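Single-letter residue listing:
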Amino acid sequence: MAKIFKKGAGRRPAKWLLTRFVDWEHRDVIIGDLEEGWHALQEENGNAIATLWYYGQVMQSLPAFLFSSLKWQINMFRNYLKISIRNLLRDKGYSLINISGLTLGTACCILMFLFVQHELSFDRFHEASDRIYRVIRESGGKQSAVTAFMLAPTMRTDFPDLKVVRFRKDRAPSLVKKEEKKFFENRMFWVDADMQKVFSFPQISGDPNTMLQAPYTVVLTASTARKYFGTTDVLGENLTLRWNEMDRELRVTGVLEDVPSNAHFQFDMLVSFATAEATWPKEILENWDFAYAQTYVLLPEDRHPAAYEAMFPDFVGRHLNEEKKEDYKSTLASLQPLTSIHLHSKIGGEVEANGEILYVYFAAILGFLVLLVACINYMNLSTARAARRAKEVGVRKVTGANRQQIIFQFLSESFLFAGIALLLALLLTKSMLPFFNQLVNKKLAFSLDGNYALLGILVLVFLLSGLVSGSYPAFYLSAFKPVTVLKGALSIRNSRFPVRQLLVVTQFTISIMLIIGTIAIYKQLDFVKQKRLGYNKEQVLIIPQGRRVRENPERIKQAFLQHPDVLEVSISSHIPTTHLSIEVASKPEGGHPDGTNDTWPIKAVSVDPEFFESFGMKFSEGRNFSKAYPTDSLGAFILNQAAVKALAWEAPLGKQFAATFRTGSASQPVETREGQIIGVVEDAHFESLHTEIEPTVFFIKPFWYFYIAVKFRPTNPEPMLAFLEKQWSSVVPGDYPFEYTFLDEHFAQLYETEEAWGKGLAAMAAMAIFVACLGLLGLVSFLAEQRTKEIGIRKVLGSSNFAIMHLLSQEFIKLVIVANLIAWPLAYLLVHRWLENFAYRTGLPWWVFLLAGLLTFGFAVFSVSFQAVRASQIKPADALRWE
Amino acid sequence: MLSRTEEMIMLAICQLKENAYGVTIRTYLNEVTGQHFSVGGIYVPLDRLVRKGFLHYRQGEPTPERGGMSKRFFELTAKGQHALAETKAIQDKLWEGLSGFSLA
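Chains as they are written, first to last, in this note's numbering: chain A, 398 to 1280; chain B, -18 to 85.
Isolated chain A, as found in the complex (with noise of 0.2 Å):
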C-alpha cells in the first residue's frame, strides 16, 4: 500500500526532539517501535488518532530518557574525574608546575582586584553616596574645590530641599590639649551641624543631628577619643582648643569610629561651625571673597544636579554685585559627584591628593596577565605530553565516545586543576595579604562575607583559566583519529608546531614588558631623588609652627643657633616640598609678558635672608635679602629664574615689580608692595617632579611665616634636639609642644603612590617569569624525554654533551629572542605614556631594553640548561635500551 510508504511528514517533528534528546544506540530502535506502533493503530482508528498517540509517546518518554541521560553523565564525570586525578598524581611533576603557576596567576588577580575594588569603593559608604555633590568653582579655565564661606549659608536659604554643609581645614595645625596632653592636630576640621545628614560616618556615640550645632562643640574620632583620653566613653568631657592665640574650651558632643581608609580625605576631630560662628571676625565670614572650604550638597531623591546648576548663574547674580562675578573666587561652576571625587578629580583646591582611575585599569590588567601566563603554562604542557593521553584518547573513541564527550572530559580536568589552584590562591592570598599590603602601602582587606563582587571575581576566575587552559589541549587531544593513535604512529616531535611556539613567545613578551615596567619605575624614582632639585634637603628639620613666632622671629632664631651644630635657622611661608598655595597678582616692568594689561599671576612665597641658605639654594644674580638694607623687608623682590623666563627679561636687577594680594589679616585685607628686583635665584623643585617649576617670587612678610627649618650639621641630630626644645619652650609662649619632622622625609612622602607600584609591580613582574620559565622547564625537560632515544643514538655517533644541550635549548632560546623583539616597541611605548605623568622624567636608554632582556635570558637559560643538562648526562645504553 502505497500509503504506508508515504513519509510520516506529521510525525517528523516528534522525531526530530527525540533524536535531539536522545543519545543512545537504542534510538532508532526506539524510533522503529513507535513508527511500527503508528502504524498498527493507523489501520484500525485513522491518521490523526494515530499521530495523537505518536506524539504522546514522545512527551511521556521524553523526561524519562532526559533523566536517565543526565544520570549516566554524571557518572561519566565521575569517571572524568577519576582519571584526571590519577593523571595528576602519576605526573607529579607537570602537575606541581600546572598547579603552581595558576595558583600564583590567580593569587595575583585576587591581589589586584582587591586593590582596584577598594579604589573603586571610595566614599560609596554613605548612605546617600550617590546624591552627594561637591560644589566647584571655575574661572579662567581653572576649576577649584574652594568656596566662600557665605556658599554655604546662601545656599540653604535658596535651595531649600538641599542639604548643605561645609568642611574647612585650617592651613597651619591647631594646638588642642586636656591637661598635660598637647598635640598639634593636623587633621581638624571645621564643620557644619549638618554633617551627618549629608553623609554618614559610622557612629559610636552621640546624637548625629544635634552634635554639632550649639558652638563650643567638638565630635572626635576613636583614636583621637583614646589619645586624650584613654578611652572612647568621652562624651560630655572637656578639650581645650588653641586657635588665633586664645584658648577655648570645647565639649565632646560625638564620637565616631575612624574614617574608613576609602574616604577621599580623612579627620580626627571635628569643630562645630558654629564655633567658627562665635569666635572669628565677621568679615571673614561673610565675605565672598574668602574661599576656604569645600562645600558639599545632598540632592532629594530623584532631583538632578543639572537642574541646580542650572539656577546657579542666577544664585549667582542675586548675591554678588557686578564686579565680584568676574572674581574667580565667586563663581560657581558645577556640582561633582562624590564617588567620582577619588578617582576623577584633578582640580585644584583637593584636601588630599586622589587616585587615578588609570592605575585601575592597569591593575586590572596586570592581574589577568600573569594569569595569562599561567594558562599558557597549561596549554603547553598539556599538548606536549599529548603522546601519554594519546592512547586513551584512542580507545575512548573506539567505544563510542563522540569528540563531544572527549573534548568535556579534558575541559573537566582543566577545571580540576583551575579549582585546585583556586582554593590555594585564596589560602595564598589571605595569608601573603599582610605582606603584601606592608609591601605597596596600602590597607586591603581581603573577606568574603557579603562581599559579592568577589565572590563574582573568583568564579570569573575559575572559569576563564579553566576555560582558557582548557580549550585549547582539549580541541587538540579530541582530534586524535584512533586507528593513527593505537597503531602508535603519533608522533609529536617532527610537526611543525607555531601554536605552541606562539604561545611561549607571547609568555615571555608578557614578561618581559613587566620587567622594563618595573626597571622603568625605579629608574624614574632614583632619577628623582638624583636630580639637582635645586635645594639640598639633607640635614633639614622642619617644625610647622612659625606663627607662634611671627611677631618675634629673630628671638628664636638666635635661641636656635646657640647650639654648635645648629647652621642656620629660617622661618617662611612655604618649603621646598609643600605646594605652593600663594599666588599673588603682579604687575611687572613691561606689563603681563603677553602684552596685556592684566595683572600676572605668579606664585609667592614669603622667606627670610636665611631661606636661601638653609636650603642650599643658588643665586644666578643679584643678591639676597639682607638686615644691612631695611627696605629688603617692604619693597625687595627676588625671582626665580622660571619667572624671568617668563617674563623675558634679559637684565632682571633693578626692574620695578609690584605684586597686589589678600593678607589673610582682617585689620588689612588687601596689600600692594611695590619694589625692585634685587636677586635671581636658580630654579628649584617646590613640588614634586610632576609639576613643572613656575614662576616664583620672594619676599619678606612675617605674617605668612608658617615653617621653621633649622639646617645642622651632618652628625646624631639627639643632643641638638633636646635642647631645641628646651629653647623652644623657654622661648614660646603658650605651652605649645615641640613637633618637627625632617624635609627628606617629606620629600619621601611626594612619591609614595610610585614607591608602591615599583614595588607591586616588580612582585607581579617576578610572579610572571618565574610561572613562565616554570612552564619552559616543564617543555623542556618533557621534550628531551621524548627524544631519550635520538640523544642516546646521537651521543653513540659521538655527539657531545655540550651539544646535546644546544640541541634541546635552541628552539627556546629563539623564542625568547623573538618575544624580546616583540616587548621591546610596546613596552617603550606604555612606559612613554606614563613617563608623561611627569614634567621632569628621566630617559629610556637602550640598556634598559637591553637589561630586561638579558634578565629574561638568564632565567629561560638556566631553567633550559637545568633539564638539558640532565638530559645530556643519559649513558647511550640506558638510552636505548628499551624499544
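Note that these hints are calculated values from the structure, not bench results. If you're wondering where the values come from, they're calculated on a predicted model, not measured in any experiment. Take these hints with a grain of salt, some might be off.
[Said to hold, decoys possible] With a Cα cut of at most 35 Å, we get these calculated DSBU-like pairs of lysine-lysine: (1) A/K1042 <-> A/K926; (2) A/K412 <-> B/K(-2); (3) A/K878 <-> B/K33; (4) A/K1123 <-> A/K954; (5) A/K624 <-> A/K1042; (6) A/K1042 <-> A/K934; (7) A/K954 <-> A/K578; (8) A/K1015 <-> A/K1052; (9) A/K479 <-> B/K60; (10) A/K468 <-> B/K33; (11) B/K60 <-> A/K794; (12) A/K934 <-> A/K1123; (13) A/K1123 <-> A/K575; (14) B/K60 <-> A/K788; (15) A/K920 <-> A/K1211; (16) A/K574 <-> A/K1015; (17) B/K33 <-> A/K412; (18) A/K839 <-> A/K1042; (19) A/K1123 <-> A/K1024; (20) A/K479 <-> A/K743; (21) A/K479 <-> A/K788; (22) A/K468 <-> B/K69; (23) A/K1024 <-> A/K954; (24) A/K788 <-> B/K33; (25) A/K566 <-> A/K594; (26) A/K794 <-> B/K69; (27) A/K579 <-> A/K679; (28) A/K468 <-> B/K60; (29) A/K479 <-> B/K(-2); (30) B/K(-2) <-> A/K954; (31) A/K574 <-> A/K794; (32) A/K743 <-> A/K928; (33) B/K(-2) <-> A/K1186; (34) B/K60 <-> B/K74.
We have chain A already, so just place chain B on it with the hints.
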C-alpha cells in the same frame, strides 16, 4: 536486586521467548498489569539492564512499517537469569508463612 519494573520486563522477555522486542514487551505488560507503559518507561530500564549485563540483544531486519528501522530482540544472559532467580528467592522469603491475600 532488581527493581519491580526491571523484574517485570525481564519476566516478560522470558515469556515472549524469541519475539521479545520493544513493542511486544510493552503490549504484553499492558495486558498483564493493565498499566500503560510509555516507550521511555520501557527503554530506560531496558538500557540499564543491558548496561548491567543482564540482557543482550540481536538486531532484526528493517521493515517498512518501522519507517525503515530495524528491531532489537532481547534475551536474558546467564547473569540476568541469575539476577532473576535471586530476586525470586528474596520474594519467596518475604512471602514465607504468609497466607495469600485474596482479591475479594
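Going through the hints against the structure:
no.: 1; hint: A/K1042 <-> A/K926; verdict: holds, 26 Å
no.: 2; hint: A/K412 <-> B/K(-2); verdict: holds, 30 Å
no.: 3; hint: A/K878 <-> B/K33; verdict: holds, 29 Å
no.: 4; hint: A/K1123 <-> A/K954; verdict: holds, 14 Å
no.: 5; hint: A/K624 <-> A/K1042; verdict: violated, 51 Å
no.: 6; hint: A/K1042 <-> A/K934; verdict: holds, 26 Å
no.: 7; hint: A/K954 <-> A/K578; verdict: holds, 27 Å
no.: 8; hint: A/K1015 <-> A/K1052; verdict: holds, 20 Å
no.: 9; hint: A/K479 <-> B/K60; verdict: holds, 28 Å
no.: 10; hint: A/K468 <-> B/K33; verdict: holds, 14 Å
no.: 11; hint: B/K60 <-> A/K794; verdict: holds, 28 Å
no.: 12; hint: A/K934 <-> A/K1123; verdict: holds, 25 Å
no.: 13; hint: A/K1123 <-> A/K575; verdict: holds, 21 Å
no.: 14; hint: B/K60 <-> A/K788; verdict: holds, 31 Å
no.: 15; hint: A/K920 <-> A/K1211; verdict: holds, 29 Å
no.: 16; hint: A/K574 <-> A/K1015; verdict: violated, 41 Å
no.: 17; hint: B/K33 <-> A/K412; verdict: holds, 28 Å
no.: 18; hint: A/K839 <-> A/K1042; verdict: violated, 41 Å
no.: 19; hint: A/K1123 <-> A/K1024; verdict: holds, 27 Å
no.: 20; hint: A/K479 <-> A/K743; verdict: violated, 57 Å
no.: 21; hint: A/K479 <-> A/K788; verdict: holds, 17 Å
no.: 22; hint: A/K468 <-> B/K69; verdict: holds, 28 Å
no.: 23; hint: A/K1024 <-> A/K954; verdict: holds, 14 Å
no.: 24; hint: A/K788 <-> B/K33; verdict: holds, 26 Å
no.: 25; hint: A/K566 <-> A/K594; verdict: holds, 20 Å
no.: 26; hint: A/K794 <-> B/K69; verdict: violated, 39 Å
no.: 27; hint: A/K579 <-> A/K679; verdict: holds, 29 Å
no.: 28; hint: A/K468 <-> B/K60; verdict: holds, 23 Å
no.: 29; hint: A/K479 <-> B/K(-2); verdict: violated, 41 Å
no.: 30; hint: B/K(-2) <-> A/K954; verdict: violated, 120 Å
no.: 31; hint: A/K574 <-> A/K794; verdict: violated, 84 Å
no.: 32; hint: A/K743 <-> A/K928; verdict: holds, 26 Å
no.: 33; hint: B/K(-2) <-> A/K1186; verdict: violated, 60 Å
no.: 34; hint: B/K60 <-> B/K74; verdict: holds, 21 Å
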